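In the order they appear, the protein sequences are chains A and B. So that you can map any letter, position 244 of the first sequence is 275 in the numbering used here, and since no number is skipped, the others follow by simple counting. So that you can map any letter, position 179 of the second sequence is 199 in the numbering used here, and since no number is skipped, the others follow by simple counting.
If you are wondering where the hints come from, they were derived from the structure by calculation, not from laboratory data. Quantities reported herein were computed from a predicted structural model and do not represent experimental measurements. Please note: incorrect hints may appear among the correct ones.
Pairwise CB distance ranges, derived in the manner of DEER restraints [as the list claims (entries may be wrong)]:
1. B:K126 with A:T491: 55 to 61 Å
2. A:S427 with B:L242: 35 to 41 Å
3. B:E144 with A:Q343: 57 to 63 Å
4. B:E23 with A:Q343: 55 to 61 Å
Reference excerpt, derived from the structure (chain A facing chain B, CB under 8 Å, subset only) [unchecked claim]:
5. W51
6. F218
7. F220
8. A223
9. A450
10. H453
11. L493
12. L496
13. L497
14. L500
15. L501
Glycine included, every Cβ here is placed at the ideal spot set by N, Cα and C.
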Amino acid sequence: MLFNSLQFLFFLPSVFLLYWFVADSRIRTRNILIIIASYFFYACWDWRFLFLIFSSSLVDFLVGIYIGKTQRDEHRKGLLCLSLFTNLGLLCFFKYFNFFISEFSIMLSGLGLNTNISTLNIILPVGISFYTFQTLSYTIDIYRRKLTPTKDPFAFFAFVSFFPQLVAGPIERASNLLPQFSSERVFKFDEASNGMRQILWGFFKKIVIADNCAILVDEMFSHSNYSEIAGLMLLLGIILFSFQIYADFSGYSDIAIGVAKLFGINLMRNFAFPYLSRDVAEFWRRWHISLSTWFRDYLYIPLGGSRGSVYQKIRNVFIIFIVSGFWHGANWTFIAWGFLHAIFFIYILISGRHRVNIDTVAEGKILPESKEVIQMVTTFIIICLTWTFFRAESVSSAFDYILNMIMNIFVLPKNIQYATFHQIIKISSMIFILQCFEWINRSKKHGLDITYLRPMRWCTYLFILLLMLLFGQFNQTEFIYFQF
Amino acid sequence: MKEFIKKCLFFFIISFVFLVIVSNVMVAFPGISFRLTNNTWFKISMRIKQSKKIIKSDILFLGDSVANQLFPFGVKDEYLAANGLILASGHYILACNAIKKNTHIKQIYLCSTPDIIGLPFREERTYNNFVKPFYSLENIKYRSSHLKSELNRKPLSHFCIFKSVKVLPFSDVNFYDGKKWPLGVMSEISIEYLIMLRELCEQKGIKLKVVSPPVNKKRRVLSDDWKIMKQQIIVNNLEDIFQGYFDNLIILNNKCFRDGLHLKTGFLNTNKEKIIGKMLKK
Chain A
32 MLFNSLQFLF FLPSVFLLYW FVADSRIRTR NILIIIASYF FYACWDWRFL
82 FLIFSSSLVD FLVGIYIGKT QRDEHRKGLL CLSLFTNLGL LCFFKYFNFF
132 ISEFSIMLSG LGLNTNISTL NIILPVGISF YTFQTLSYTI DIYRRKLTPT
182 KDPFAFFAFV SFFPQLVAGP IERASNLLPQ FSSERVFKFD EASNGMRQIL
232 WGFFKKIVIA DNCAILVDEM FSHSNYSEIA GLMLLLGIIL FSFQIYADFS
282 GYSDIAIGVA KLFGINLMRN FAFPYLSRDV AEFWRRWHIS LSTWFRDYLY
332 IPLGGSRGSV YQKIRNVFII FIVSGFWHGA NWTFIAWGFL HAIFFIYILI
382 SGRHRVNIDT VAEGKILPES KEVIQMVTTF IIICLTWTFF RAESVSSAFD
432 YILNMIMNIF VLPKNIQYAT FHQIIKISSM IFILQCFEWI NRSKKHGLDI
482 TYLRPMRWCT YLFILLLMLL FGQFNQTEFI YFQF
Chain B
21 MKEFIKKCLF FFIISFVFLV IVSNVMVAFP GISFRLTNNT WFKISMRIKQ
71 SKKIIKSDIL FLGDSVANQL FPFGVKDEYL AANGLILASG HYILACNAIK
121 KNTHIKQIYL CSTPDIIGLP FREERTYNNF VKPFYSLENI KYRSSHLKSE
171 LNRKPLSHFC IFKSVKVLPF SDVNFYDGKK WPLGVMSEIS IEYLIMLREL
221 CEQKGIKLKV VSPPVNKKRR VLSDDWKIMK QQIIVNNLED IFQGYFDNLI
271 ILNNKCFRDG LHLKTGFLNT NKEKIIGKML KK
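Bound-form chain B, shown alone (with noise of 0.2 Å):
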């Protein structure tokens, strides 16, 4: 019986040291684990790794999946945008990790549309795209005081910062409150990251602008024409970024997006570098 029990304990101290093993090379070698588990969290990776490589450009394009199909990820160093689920605070690291390695970057787009740029921690999938990701000993110095606090939430996810917990796939938290967030507001969170990363790039010399892909028609008419937000960005002071980002808005009818949200890929062919150059106009 000893015996028995002694085996299994060297059988689980064994397969722990093996898991932690493929753990880390998993997390060193995002690409190839994503093509492997289709597991979000490493194709946010893939743009963390990207983040802290040197980018030829001096423009850095962020933002979310809609900006994703409008700027790819792979096709330039600069594209960097990922999904709207990484949060503001996402965007936050990514352009503090590519600003800290290409001292040479001049503009930063923060590609986002209004419903998902003021998107708020209490999402069921803010543990999948945000927490594993991101929360890592290196970032814990970008963790905001309502960061902390959402965090504190479910400590559980404190664990995170152990590469072999990312990797666990059982290990989900869920940090949703049940309670459906309002389109057209932004979190308090996404304010103040937006706030931080002003600050970062006019620390830096570099000009931050948002900007927004198109957005369906019916979106406008949910969220009332954003007119909480556009309250929001007055208030907190963020005009300057915001500058021309409704002036500049593409509002589409709902036949051009396969969801909703996204682009359909016969339209996004058609009219991409149309769109492109209405968002980015000065």
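So that you can see chain A by itself, here it is in the shape it has in the complex (with noise of 0.2 Å):
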């Protein structure tokens, strides 16, 4: 079931009424709603896989009550270990299986030796990197005495599968989310009312700019021969797919934290306006903050983080990116995309200029100054650079497409069809519309958190409704990171 749908415009207002009326205020009843809607929403999607997540939550619920039961460290490491073996099992196995036996594949036929390993036919279950991650984080907290584990299943089943975030994140931390399903949730209204308002956005965003850009981006991605095409249209690509991730993921996070404001439930903010980042550093504090977050607490500073020699510094920086690449997807080019990263956040940690930007850009003025917009400008031409490799099938191809735009920058582009100037017009002028959001509101919550007086607020949501009325795409297509 997706948000942009009509079944979610039934199920979600159904759900909302039997929470809010039906049940009785018991925490009980109420989390026990909570986990039937959630594995009916699952259930949309692929029914085989409810047993997965049941697994999953029974394991770490079971898990968690053990370690906090034994002192013992042996006992606690044995018991986290199968925890870590369990989830990343699961992953591992679902995500990661085909591509490893293909990788090894190539190495013994690369080393003479013939093999006839065969893939198997491996379908990947919706949000398994999300849940996985989210309940591993729960029994690591238990393990290293920084949460202590709740001995609710409702609970926790309901914070495991909490249908906003289940397929997509953010991916939450139990310490924030399991407490708030093991208390009395009350109706609160400027919440409720803030959470509709984080919803329209996040539709327009996903509708109107992403699936847009989608056309346009799919298009020049798919060419066999980039050298057929403009540089022009080359580097329209890339700010597109730029735009194009960036909106449909905060857009589905966006819709996600809306969703569980209507319940009484606050998830963590996803992403803070990146584009307006004036360098890699501060794009990472902004960027897929629920899985950067994760990895810093539960890799990265484990590893001894940012401190130690130079280099460790660099070892630490290279295994996170990669590993976060990796976790993506299990295609080279998701490595190299985080190999990338690791360079120029690199350069940025060991001149130590990695925590210089952590304040609001041009915060209390209107305008940013000239230095600011050339920060901004050029981690954002960085930053597409590094989608290419995210977006292009293959390493080879990502690199041919990048030569090919930088060799034909000045080629313009031959014979454009009236209908592809005006879907670039059409996009071009909506882009321009959310930056101008983000811009005045990048110190709130989200581009539409706005307090004008009701009169305005009104006339702004009409606005934005009607701009999805007359651009938005309603074919009903996936978020790019289900595919995660």
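Combine both chains into one complex, guided by the hints.
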């Protein structure tokens, strides 16, 4: 069931009304309703994988209890390893099995050994990368004695399967989300209203920005010979993909966070206007925050973080970014993407400037300074180049794309069809509107987090609705991050 | 909570009213709406709007997208060629509108290639090209029994009678039934509306002639020289309106076409007058 589908339009109000009006105010009843609704939501994707999410939840719930009970370090480590093995084992099997088999086969062939290893026809369960990391954070925090294990299975199962963030995050921490399922929820008018605003903003980003960008991006990247396309069009392709992936993923997060607010649940922020970043380090504090902080807390810091020798710092950064790239998918393009980000991040880290831009750009001012504009544009160009690897089918294809773009940058596009030209104008205008909203509200939680007088607010909402009506793509396309 | 639900409902009502107003404005100004949204059905709506205006000439040109290349919409009042997916039913409605407003019309040319004139209702783009622009209260009287049964296959398509539904981008209905229509065969709905058009023209003393823009040689081969279509014309007594249709057919090599169907711009610019002369030869 996609957020941008008619089924969800019926599903959400039904669950909302049942939650607040039918289910009594007891915590357990509401949690049971959340679990049923979430499992139903997931089953609409593929009911066969319900057992996976159930098993993962059950294992970690029990592991959490037993880690909490036992004081012996070996037992605690053993139980943690069980949780790691179960969750990462599931993830590795479903996501990476075929990749490792085929790469192993290539390696053996390279050594002159003929192999007949066949890959399996494995379907990647939606959301597995997200909920496995979410449950792992629970068991790891208990092991580190930062969290007390819950004995309420309903609260725990609701925490794992909560439908707004089940399939594409944000990857919640148990310390933030679990207590909310263990306590009474009270309906708050302001929170719910802000939730509705955030949902509207999320849909605008997905339907108007992301899905319109996708039309041209798919055309650019599916071309068999990039030398036949003008450099400016290839450049446009990368820029549009940058906005497509941002609008798609942050749009999903906005909808998830907004929907959660309707149920009295606060999810963590996942995006903080990343394209207003002044350097790559700031970008990573603003992009997919739930994943980057997860890797920081559970991988980077245990490895030593940015302490230690220069070699250790560089090693840790490379590990983090390559693993982060690999998390996205079993393809060398994602690893290359992570590798490139590591290079740019290391440069800033070694020069000690990774925590220079921690405030909001041009805070309190209407316009940025010219230095800030240059910084933002430079960072955006770097990020766009790395996105080429993320989007391309292969690493060589990505290089081919970039090289042809650079070599043909002064070649003007010929014979652009009216429909393409119209699409370019349309999407450029929409991106401009998006950036205006985000710039004006850059110190707020999302682009439509407005506090004007009611007539002005409602005019703004109607304006957004009008844009969706005129320019929205309602083909019910999936969100990009579902494939991860 | 109740306050929240009341406010949500109130907002939905306001939004609905706002969207209805916007939809009506968009439908009333299809030219601007088309430039804004690049939506095909606004392009067709522009033809419908034009068909209700005064046409100075006594000759009317209807047809498919290839005909639109030869008689481009907007150049002259009498050029109302759209595309093949408006189907014979769409051409019929355009003709009805034009004749009602312009009693001086003496001749109608329906310019359509043999493979397009007989297109069935069951195409993916039928909804956007025929149902959305043509389905309205005033056009209900033009629905034949066959057209009614096709629309009833997808009951949601009837909501298209409301202007707001037409504008809603997510209301698309797919009439395609999964079966590819064979080349060179006329559908029942096509034959039905061609007969209706002929009867209308006979009543009004208007000469109706079906002519064809140039056709790709490959299509002649693929459709086996349109043998089935020729038989259908005889069986349905349509020889009078199809007189000379195949004799005057201009068959060209594939290199003259940009996509196998539409003519290349360069070729068209050089040979337009010659092509039109041969097409309209009596």
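Hints versus structure:
Separation of K126 of chain B from T491 of chain A is about 56 Å and conforms to the stated range, judged on CB atoms against 55 to 61 Å. The given range of 35 to 41 Å is respected by S427 of chain A and L242 of chain B, whose C-beta atoms sit roughly 39 Å from each other. Between E144 of chain B and Q343 of chain A the C-beta distance comes to about 59 Å, which sits within the given range of 57 to 63 Å. The hinted window of 55 to 61 Å between E23 of chain B and Q343 of chain A holds, with their beta carbons roughly 57 Å apart.
Hint status for W51 of chain A: holds, given a least beta-carbon distance of 6 Å to chain B, under 8 Å. A cut of 8 Å between beta carbons decides the hint on F218 of chain A: the least distance to chain B is about 5 Å, and the hint holds. Given hint, F220 of chain A at the interface with chain B, holds; its Cβ is 5 Å from that chain's nearest Cβ, closer than 8 Å. Restraint check, A223 of chain A versus chain B: the minimum CB separation of about 5 Å is within 8 Å; hint holds.
At about 6 Å, the closest approach between the beta carbon of A450 of chain A and any beta carbon in chain B falls short of 8 Å, and the interface hint on this residue holds. At its closest, the beta carbon of H453 of chain A sits 4 Å from a beta carbon of chain B; the interface hint therefore holds under the 8 Å criterion. Taking 8 Å as the C-beta contact cut-off toward chain B, the hint placing L493 of chain A at the interface holds, the least distance being around 5 Å. With 8 Å as the threshold, the beta carbon of L496 of chain A comes within range of chain B, its nearest partner Cβ sitting at about 6 Å, so the hint holds.
Taking 8 Å as the C-beta contact cut-off toward chain B, the hint placing L497 of chain A at the interface holds, the least distance being around 6 Å. A cut of 8 Å between beta carbons decides the hint on L500 of chain A: the least distance to chain B is about 6 Å, and the hint holds. Hint status for L501 of chain A relative to chain B: holds, with the closest Cβ pair at about 6 Å, below 8 Å.
Hint check: no violations occur; every hint is consistent with the structure.
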